[in-house]
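A.B. asks: Residue numbers (this note's numbering), protein chains in the order written: chain A, 1 to 382; chain B, 1 to 382.
It should be emphasised that the hints constitute simulated quantities derived from the structure, not laboratory data. Mixed in with the good hints, there may be bad ones.
With a Cα cut of at most 30 Å, we get these calculated BS3-like pairs of lysine-lysine [claimed, not checked]:
1. A:K3 x B:K320
2. B:K3 x A:K174
3. A:K26 x B:K204
4. A:K3 x B:K168
5. A:K168 x B:K3
6. A:K381 x A:K85
7. B:K3 x A:K3
8. B:K380 x A:K204
9. A:K26 x A:K381
10. A:K142 x A:K380
11. A:K318 x A:K381
12. A:K348 x B:K3
13. A:K3 x B:K174
Protein chains: 2
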Amino acid sequence: MEKIQILIQMLILFSAARLFGRLLTKIGIPSVAGELLAGAIVGPQMLHIIEPSTTLETLAEIGVIVLLFNAGLETHIDELLKVGKPAVLTAVLGVIFPFVGGYFVGQLFGYPTAENLFIGTTFVATSVGITIRVLQEFGYAKRTSAKIILAAAILDDILGLLVLAIVKNVALGKTNVLELVLLAIQAVSFVLFLSTIGPRITRKRSTFFSALSCDFLFELSLILMLGLAILAEEIGLAAIVGSFLAGLVLSEIREFTTIEDRYRTIGWFFTPFFFGLLGTHLDFSALKNLNTLVEVLIFTVIAVVGKLIGGYLGSIKKGKQTALEVGVGMIPRGEVGIVVAGLAFSYKVVASDVYLSLIATVLLSTVISPFLIKWIYSLKKG
Amino acid sequence: MEKIQILIQMLILFSAARLFGRLLTKIGIPSVAGELLAGAIVGPQMLHIIEPSTTLETLAEIGVIVLLFNAGLETHIDELLKVGKPAVLTAVLGVIFPFVGGYFVGQLFGYPTAENLFIGTTFVATSVGITIRVLQEFGYAKRTSAKIILAAAILDDILGLLVLAIVKNVALGKTNVLELVLLAIQAVSFVLFLSTIGPRITRKRSTFFSALSCDFLFELSLILMLGLAILAEEIGLAAIVGSFLAGLVLSEIREFTTIEDRYRTIGWFFTPFFFGLLGTHLDFSALKNLNTLVEVLIFTVIAVVGKLIGGYLGSIKKGKQTALEVGVGMIPRGEVGIVVAGLAFSYKVVASDVYLSLIATVLLSTVISPFLIKWIYSLKKG
Numbered sequence: 001m002e003k004i005q006i007l008i009q010m011l012i013l014f015s016a017a018r019l020f021g022r023l024l025t026k027i028g029i030p031s032v033a034g035e036l037l038a039g040a041i042v043g044p045q046m047l048h049i050i051e052p053s054t055t056l057e058t059l060a061e062i063g064v065i066v067l068l069f070n071a072g073l074e075t076h077i078d079e080l081l082k083v084g085k086p087a088v089l090t091a092v093l094g095v096i097f098p099f100v101g102g103y104f105v106g107q108l109f110g111y112p113t114a115e116n117l118f119i120g121t122t123f124v125a126t127s128v129g130i131t132i133r134v135l136q137e138f139g140y141a142k143r144t145s146a147k148i149i150l151a152a153a154i155l156d157d158i159l160g161l162l163v164l165a166i167v168k169n170v171a172l173g174k175t176n177v178l179e180l181v182l183l184a185i186q187a188v189s190f191v192l193f194l195s196t197i198g199p200r201i202t203r204k205r206s207t208f209f210s211a212l213s214c215d216f217l218f219e220l221s222l223i224l225m226l227g228l229a230i231l232a233e234e235i236g237l238a239a240i241v242g243s244f245l246a247g248l249v250l251s252e253i254r255e256f257t258t259i260e261d262r263y264r265t266i267g268w269f270f271t272p273f274f275f276g277l278l279g280t281h282l283d284f285s286a287l288k289n290l291n292t293l294v295e296v297l298i299f300t301v302i303a304v305v306g307k308l309i310g311g312y313l314g315s316i317k318k319g320k321q322t323a324l325e326v327g328v329g330m331i332p333r334g335e336v337g338i339v340v341a342g343l344a345f346s347y348k349v350v351a352s353d354v355y356l357s358l359i360a361t362v363l364l365s366t367v368i369s370p371f372l373i374k375w376i377y378s379l380k381k382g
Numbered sequence: 001m002e003k004i005q006i007l008i009q010m011l012i013l014f015s016a017a018r019l020f021g022r023l024l025t026k027i028g029i030p031s032v033a034g035e036l037l038a039g040a041i042v043g044p045q046m047l048h049i050i051e052p053s054t055t056l057e058t059l060a061e062i063g064v065i066v067l068l069f070n071a072g073l074e075t076h077i078d079e080l081l082k083v084g085k086p087a088v089l090t091a092v093l094g095v096i097f098p099f100v101g102g103y104f105v106g107q108l109f110g111y112p113t114a115e116n117l118f119i120g121t122t123f124v125a126t127s128v129g130i131t132i133r134v135l136q137e138f139g140y141a142k143r144t145s146a147k148i149i150l151a152a153a154i155l156d157d158i159l160g161l162l163v164l165a166i167v168k169n170v171a172l173g174k175t176n177v178l179e180l181v182l183l184a185i186q187a188v189s190f191v192l193f194l195s196t197i198g199p200r201i202t203r204k205r206s207t208f209f210s211a212l213s214c215d216f217l218f219e220l221s222l223i224l225m226l227g228l229a230i231l232a233e234e235i236g237l238a239a240i241v242g243s244f245l246a247g248l249v250l251s252e253i254r255e256f257t258t259i260e261d262r263y264r265t266i267g268w269f270f271t272p273f274f275f276g277l278l279g280t281h282l283d284f285s286a287l288k289n290l291n292t293l294v295e296v297l298i299f300t301v302i303a304v305v306g307k308l309i310g311g312y313l314g315s316i317k318k319g320k321q322t323a324l325e326v327g328v329g330m331i332p333r334g335e336v337g338i339v340v341a342g343l344a345f346s347y348k349v350v351a352s353d354v355y356l357s358l359i360a361t362v363l364l365s366t367v368i369s370p371f372l373i374k375w376i377y378s379l380k381k382g
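Next comes chain A alone, as it looks inside the complex:
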């Protein structure tokens, strides 16, 4: 596509996303739901004005990278460590319940085992972007549950990566234990290093960083953010895990608060592309077929309830309200689920009708989650 065409597509996607985002906000609906809807309307499934392209996908990726970077900036490692136990429990249970649920529902439907393994895996990965956006929009980002969700989402990503690797090995009939172990070591050490030693280094060298000019610090932090996002992706984790950790590390530099506004601006520019483009994947026509509709609804209940129970049980020691908040906060699925389903389809492990059901399930839980999150969080004041 020509440069000018891309600029036009950018303009349309951005304008539509923000317009619908603002309109829905007026009637109390989280703006992220409006951005998803806008994407669905201008996307290939309806008006077909927007054609997903590498450029738009890159802008979207930067959007979610910056979103999680900002979440990292607002988080301190001590706060995360404080919620370590419930976060680990939430992540583990939040992987087990949807996976097992997906697997057994597949068995019930009479699908082959390999296919059911992938159905379960599709339901595993939490896409924390929507949760973060809703919490930021309504001022809930400082609650304990937000910290548990963030910590759990990182662990969730590691677990999801391993589950995918195992399932891939099993379904394709080749088991390479060494590779799995290496993958696990890489992922765990990446996260451990950045979340423990990283903040300590920046804290110790805080005066050094504070002596840099704002502009230079901004450039260095941009490079760190993108660099760690890429590294995380290369390891097999999501890019957002890397950028969240980059934010976490940089939040220890006291002077960094002076340039936080710049990242809010960058996020403001890029984030609508992420949710708008995610919306372009919404295909409601798949729901016209009654059988598919029933399957999608059952899948969605499993995916949603599985995460809800996982989060609730994992965090129940922090009180019922917090446990509920964590539960709904873990519900959103996103591009990772779509990617897993796509992988399974490309391996020919999953049939095309099941593939469509899986995509619809991921998108349905994505669409309903902003409403659920807003509702549950508003039960408690402040």
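Fit chain B to the known structure of chain A by using the hints.
C.D. replies: Frame of chain A, contents of chain B only:
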């Protein structure tokens, strides 16, 4: 290319551009020269780490759009009108001298007339991005000459568009006067409307805009900036003419100063992609051939001196120093010259060796201009 590959290319281009930009600044060289050099080093001609792609080109385009938008924000229409006369003279003479010079040098070399018309046209278009960046970097953006350069650059773009249209018609042997007149009317009315009625509307409705939230105003202005850039491009003008005018219109809103910082941030992120990517086109190997080298040097002298004299004579009434500043400020050529040469080559009006010389000429004047600009501007204090 994959999304992750693009992110890696972005990271490398941005890091290299800012690294070289900062290093050269330390020894008093304008950072834009460093960014060009960085692009040349990581680009296809040398290390070949960076492969120009639609995504990088789009980011670069946004970079220069925001750069000129910011220049527009810092300019008031009254200031432009005050320098109307020298600006018009500068633009007209700055088109005539390089065009005629290029044409006759081509005749001297014995090239056919059609080819010489395109050689002249290639030397016409000023690419004001480099000038603006250097003036901003060294704090010269408030001088009278800066206003003349900006106003002249817009007129220059209109004239360049018309010259290209005429030359294209003549060289390809078909003359469509109606089309030319329509083109002229479109371009002139676009600029006239935005530079006269536009600011009046925003000034009158200033209280209305000031009542909007900063976030909403930011979104609207982003949409206006991209929208006018696209519109300008569709008309046949450069995108930066549209975004400069968008900035000019918005600078009349008093409350807009509160969000100017956001555009500085956006510019900071995107602009290095523009100059870095421009640098990837630098191909020094063309200069190995002695004949080509001589031709390029003669071309460059014509292109540089033509603009210099045009600007100097056009602005001499504002004093010698200002006239000199305008002269050097109009020297930089850029992507427009490359596009014109490329067009001529694709029409088979220009032979491949002359095409390479033209590209080298555009790039050479691009490379030397930051130094010339900094030197001439530093002759006067303050």
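A.B. asks: Each of the hints needs a verdict: does it hold here or not?
C.D. replies: Hints versus structure:
no., hint, result
1, A:K3 x B:K320, "41 Å, violated"
2, B:K3 x A:K174, "29 Å, holds"
3, A:K26 x B:K204, "28 Å, holds"
4, A:K3 x B:K168, "23 Å, holds"
5, A:K168 x B:K3, "23 Å, holds"
6, A:K381 x A:K85, "25 Å, holds"
7, B:K3 x A:K3, "17 Å, holds"
8, B:K380 x A:K204, "46 Å, violated"
9, A:K26 x A:K381, "20 Å, holds"
10, A:K142 x A:K380, "13 Å, holds"
11, A:K318 x A:K381, "17 Å, holds"
12, A:K348 x B:K3, "24 Å, holds"
13, A:K3 x B:K174, "29 Å, holds"
Comparing the model with each earlier hint shows violations of hints 1, 8; every other hint is respected.
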